[in-house]
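Asks: Sequence:
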Amino acid sequence: MSRVHVLDAAAATLAALERGRPGQAYNIVDHEPASWRDYCRAVARALGAPTPRAVPAWVFRAMPYLHPVFTGSYRVANAKATTELAWDPAFPTYREGVRAMATP
Numbered sequence: 003m004s005r006v007h008v009l010d011a012a013a014a015t016l017a018a019l020e021r022g023r024p025g026q027a028y029n030i031v032d033h034e035p036a037s038w039r040d041y042c043r044a045v046a047r048a049l050g051a052p053t054p055r056a057v058p059a060w061v062f063r064a065m066p067y068l069h070p071v072f073t074g075s076y077r078v079a080n081a082k083a084t085t086e087l088a089w090d091p092a093f094p095t096y097r098e099g100v101r102a103m104a105t106p
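Quick note: this note's numbering has the sequence shown finishing at residue 106, numbered continuously throughout.
Read the hints as simulated data drawn from the structure, not as lab findings. Ideal Cβ placement from N, Cα and C applies to all residues, glycine included. No false leads were mixed into what you were given.
Between beta-carbon pairs, the in silico distance windows are:
no., residue 1, residue 2, range
1, LEU9, ALA46, 21 to 29 Å
2, LEU16, ARG63, 39 to 47 Å
3, ALA46, GLN26, 32 to 40 Å
4, MET65, THR85, 37 to 45 Å
5, ARG23, ARG55, 43 to 51 Å
6, ALA88, THR53, 37 to 45 Å
7, LEU49, ALA12, 18 to 26 Å
8, PRO66, ALA46, 26 to 34 Å
9, GLN26, TRP60, 42 to 50 Å
Please build the complete structure, drawing on both the sequences and the hints.
Replies: Structural data, given as structure tokens:
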């Protein structure tokens, strides 16, 4: 799954308003997609919390609408945004974004 830090999303929105082409859509995400597992582990590490346990597969079978959300691949590329908008995320990966959010 692709993510983006809120400050990067705001900067990209301004860049799109200033330099974007009318009628175009831009994927505003960081440079590195990550699984939910990796993301949750990074959040736990940044907060000094224990590593989260894995959710048993039967939970997803009991709630089939959640299964694709947590197991699917929703990766998108930001190449068009970085090229056309001259935008580059200040937090290039989810790890930098998580550390920034966890730091007071």
